[in-house]
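**Q** Sequence:
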Amino acid sequence: MFTAGMARGPVPTPDVPTPELETLLRHAAEARTGTARAVLVRGPAGIGRTRLLTLARRHLEAGGWAVRHAAAPQDGPARTRAVDTLLPPGPGSPPPATGLRDLCHDRHVHHRALDLLAAGPLALVVDDAQWCDEASLRSAEFILRHAAARPLLLVLAQRTDAPGPGTPVLAEILARGRCTLLEPSPLAAPAIAHLAARIHGRPADERFVRRCAELTGGNPLLLDRMLTALHALGIPPVADAVHRLDAVHQCVRASRVPELLAAGPSRARQVATALAVLGRAAPDLLAALCGLDVRAVEGALTALRRIEAVEPGSPPHMSEGVRAGVLAGLPAPDLRDLRIRAARVLSDAGRPAPEVAEQLAPLDRIDEPWMFAVLRDAAAEAPTRATVRAAGRWLRGEAGRALTDAERGGLHVELARAASRTVVTPAHALWHLRRALALTPDARGQAPVAVQYAMMALGTRRAPEGLRLLEQVLDGLACPAADGAGPADRDLRTTVESALLATAVNDRTALPAARARAAALPVPTGHGPADRRLLAALSAFAALDGGSAARASALARQALRADEPGTAGWGVFCSSAVLALADCVDEALAALDRALSPAQEHPPLWPRRAALAGRSLILHGIGDVAAAARDARAATEITGPAGAPPLAHLALSSVLLSQGEAARAGAVLDGLARTARHLDRSVWERHLFLYTSGEVRRERGDLEGALALWRRCGRSQEEAGIANPVLAPWWLPTATTLGRLGRGAEAAGLVEEALERTRSWGTPRALGLGLVAAASVVGGRDRTELLAEAVETLAASPARLELARAEYKLGRELLALGDARGARGHLRQAIEHATRCGSHALTATARHTLVTAGGRMPQLAAAPVDSLTPSERRIATLAQRGHSNKKIAEALFITPRTVEMHLTNVYRKLDVRGRGDLPHGLGSRARPAVRSTVPHPADGVSATP
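Residue numbers for the sequence shown, in the working numbering: 371 to 1315.
You may find that some hints are simply not true.
Claimed, not checked - Estimated spans, in silico, between C-beta atoms of each pair:
#	residue 1	residue 2	range
1	VAL1282	ALA559	44 to 50 angstroms
2	SER1254	ARG931	15 to 21 angstroms
3	GLY898	GLY1284	21 to 27 angstroms
4	LEU1073	ASP1050	40 to 46 angstroms
Keep in mind the hints are simulated off the structure, nothing from the lab. Bear in mind the structure is a predicted one, so any value in this text is a computation, not a measurement. Note that CB positions come from ideal geometry on N, CA and C, so glycine has one too.
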């Protein structure tokens, strides 16, 4: 219904008058002289039309005007016409023809207006005139024409973003020149600054004001709500807050949509609700869900785009914030029915199962068989956390309990596989596998499930439980030598044993027994999953023993040879770690690059993040700090109850240390210590944690605390039987710190044992680090000679950051001996290496020492070639020498697709079109080639391209 009012008494004077208000009052003054005037106030929602009308009414009423006001209905035809609300008919007047133009009725309305005009000036004000019935607007125009010489002011307000039945008539009246158009202007910068200062109680920064204007277009309502929201959040109007405005604006804009929909027609609300449920849908699907025809839906979509409820583009879609706002007003039963209807509509339209499942996943009850079938298909094709959990609810419900144990167990395994491919951390997948194990009575049936459980649990607090399960299953399986044990039994037992060794290699308590078990097993020659897993485990044991880098890397290489692209499994991670320890960095990175390639559309996320973390640690080890930082942050950006793998946090803390952010690195490690309670049982993570924590203590100046942590790391390695010198090399910082404290004699025994282990492992990195440690326990020229030998040895390793540190130590020692000229050369080399590595802390320290030595800061002009990663450099070198992608792939045990990916990156970085444009000397810029068992004449590839 329309609402109307009339007042003549004085009212409080409005605030500061606006230009629009002054214009409107000027027309009123002209009308008061006896010349009727009409004004159309037009603008979008929130621009201030209603406020302008309110202020004008107050001024007019205070000036002695009779003001008649009507607000048009928001939806559908009114029982009472707008003109009859403005000028109610008197007794005996003929009833109007509802919704139709009636000339006789127009005359009666005109007479009523004349009666009011006889008493003084009259203002007729209609808000939201776009919703007015056509007959009322025609009657208002009739009055205006026939009272042209009277003190009459007609004010019509139209919202431009919500067309209604009166919109065409208003356009016609305006086109005939019967009224003046008045469009309220957006707020300018000074007005925005004034509003911000009034809300926040302090002046607003110019950049803050400018961004507010860009986001809101100066719309007063949007500005008021956004500034109020910012004030409530404690965000001041300063320059530093500019980057937070976009998010707040999106929320405010989304919150407005339900209000605008409430002020619009029911058809628009129907389509908006349907689109909020579907998220993105063509008009035909919306029509099927709404029960409207396609033409009506398209008209409603046009209106919804005007109020920014629908995003630009096709098919029509809503932002998540707007969807949530629209659906929040629906009662839960209605929303459930709508989602079920939407699922049926999508299914009938042949939409993919994952799209249909999006409608079923939020339901509190999955109680129909067809629903579970859809969820199951979706979990297999493109699983999400919601679909997997919804399928689990069905399986736990009455319908699921009606299945046999074998059927339920099989479905739990399916859902576990799907859960591992979502953002859900392994906890959810492991729950399903535990249920499957409980439903499987015999060891033969439990074996494959237990293997899945143990491999998924690696790196989590459930890893010890996986180890126990494998031991129980192994005890229940027939011994290979027992009567009746066939090939299938032997293969099954091998599968379980390989998983057990893979689990035990990262469990300190199980490591000794597992080492003895591994020693008794023959090296497998097959290429099945169990064989590859066993080879990876054997390579890890060989690496932990520290006996021969060549043997460990050969086993790791054999484990990787048959792996599939895009499979970031434990075997790839373990084998690449062994290759990195053996200085076969190119092969290690190539294996991880291949595992992380997008071969699977929905790969398991937890192992992928572990592979990213592993690649980060390897990149950091060779001094590519920038690339290591990217991988570490990608690995830690994960939501969920269990967070990211511990190795990801260790990788990030190592990067932060190299970037000179010891405090942040310490915070990452403190958080890891609080959340990863299982860290003490692990082999790789525990020792990296202790080693890195010691480095943080050292950077903070707590040398004794650092020494305590490193010694604890050494004792832990000794207890676990770990003899590899480059796995968390705690002995190196221990020796150098003791030397720095003048306690070189205390470190002598430690250094002697470390040198023996480095010679046994035999890689350039290990030998170079051993020489650095040996230099810390001697003095004078003996120290500089050992450091010079360390520099020469590390130059043949992939450890560029360690080379930079050795160069710095040598330069510092030469300076201490008075050889400033020799010191400057090595310090410049240290600065160059550290800068290219991205080690800000070492760069700053070396530059300070160089200035002390009387040297100038080196001007580093990094060539584009220096931006190549070791893998990219290696592949580009081979490509430049004329080898085909296939030959390069075979030599490096990667896929041709991985070669193509690396070459694409090389072309982009070097700004060349193809391999014919690759520069010569790529290999000479790189570190010297590390030892590899790849057959080669000169470059690792056979002579035939």
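**Q** Run the structure past the numbered hints and jot down the numbers of the failing ones, going up.
**A** Failing hints, ascending: 3, 4.
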